[in-house]
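**Q** So you can see what is in the structure, the chains are spelled out below.
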Amino acid sequence: EAGVTQSPTHLIKTRGQQATLRCSPISGHTSVYWYQQALGLGLQFLLWYDEGEERNRGNFPPRFSGRQFPNYSSELNVNALELEDSALYLCASSLRNRAQETQYFGPGTRLLVL
Amino acid sequence: AQRVTQPEKLLSVFKGAPVELKCNYSYSGSPELFWYVQYSRQRLQLLLRHISRESIKGFTADLNKGETSFHLKKPFAQEEDSAMYYCALIIQGAQKLVFGQGTRLTINP
Chain A
12 EAGVTQSPTH LIKTRGQQAT LRCSPISGHT SVYWYQQALG LGLQFLLWYD
62 EGEERNRGNF PPRFSGRQFP NYSSELNVNA LELEDSALYL CASSLRNRAQ
112 ETQYFGPGTR LLVL
Chain B
13 AQRVTQPEKL LSVFKGAPVE LKCNYSYSGS PELFWYVQYS RQRLQLLLRH
63 ISRESIKGFT ADLNKGETSF HLKKPFAQEE DSAMYYCALI IQGAQKLVFG
113 QGTRLTINP
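Going line by line, the protein sequences match chains A and B. So for the first sequence, the numbering used here puts the first residue at 12; every next one is plus one. So for the second sequence, the numbering used here puts the first residue at 13; every next one is plus one.
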């Protein structure tokens, strides 16, 4: 069974630009989560999508947004990039939107903002 | 507020010695806790979760609600246990994992 996949693996942008990160969940999983792992800040919850709807978001500004497609893949968009957005962005998926379901993580996209 | 605390950023033990990685949590609801592990150049993966009550790779963790702890233990460390370990709490309903800062475990030969 293929795991969660993310693309691209690395992304370099300059301040003010927009970044788009993509995630494909494990087949059969309907929930997708996004986390940010910034240096010194640890893993922070960003967004949760289930069945195409945004269900919850973390304490991040509105320029962090995303969507989930009918095939359950997801996109994270970061507008007006700032230097502090440089981080590893992890996507996770789970079978159903219940706490009992384990979240399985992808390898991440490393975003560098210059 | 929901919080997970891993007091040790770094932990170094010798092969064959016992290992204990500490994790304390703060949560008003019924806690559901996890340990995730990240080996070098690999993705974050689930090691164990408290509701499963299982032992994975010789590791166990017991939820102590009185002490609000979920320490990870292994009686005899192996070199392949060297990795970054994260304790996490899931917020019911919100489905978000709250992670501790992580402990880097190094097993010396």
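For the record, the hints were derived by calculation from the structure and aren't laboratory data. Glycine residues also receive a C-beta, built at the ideal position from the N, C-alpha and C atoms. Some hints here could point you the wrong way.
[Unchecked claim] Pair by pair, the computed Cβ-Cβ distance ranges are:
hint : chain 1 : residue 1 : chain 2 : residue 2 : range
1    : A       : Leu22     : B       : Ala106    : 19 to 29 angstroms
2    : B       : Ser64     : A       : Asn82     : 23 to 33 angstroms
3    : B       : Lys85     : A       : Gly51     : 26 to 36 angstroms
[What the hints assert, rightly or not] Not everything, but these chain A residues come out facing chain B in the computed CB check (under 8 angstroms):
hint : residue
4    : Leu22
5    : Phe56
6    : Trp59
7    : Phe116
[Stated by the list, open to error] Stretches of chain B that chain A covers, calculated by requiring three or more beta carbons in the stretch to come under 8 angstroms of a beta carbon on chain A:
hint : region
8    : 21-35
9    : 89-96
**Q** A separate judgement is required for each hint: does it hold in the structure or not?
**A** Structure-based check of each hint:
1. Leu22/A to Ala106/B: 19 to 29 angstroms: Holds, at about 28 angstroms.
2. Ser64/B to Asn82/A: 23 to 33 angstroms: holds, 30 angstroms
3. Lys85/B to Gly51/A: 26 to 36 angstroms: Distance hint for Lys85/B, Gly51/A holds at roughly 28 angstroms.
4. Leu22: violated, 18 angstroms
5. Phe56: holds, 4 angstroms
6. Trp59: holds, 5 angstroms
7. Phe116: At 4 angstroms from the nearest chain B Cβ, Phe116/A passes the 8 angstroms test, so the hint holds.
8. 21-35: With 0 residues in contact (Cβ-Cβ under 8 angstroms with chain A), the coverage given for the region 21-35 of chain B is violated.
9. 89-96: Answer violated; 0 residues pass the 8 angstroms Cβ test.
Of the numbered hints given earlier, the model fails hints 4, 8 and 9; all others are met.
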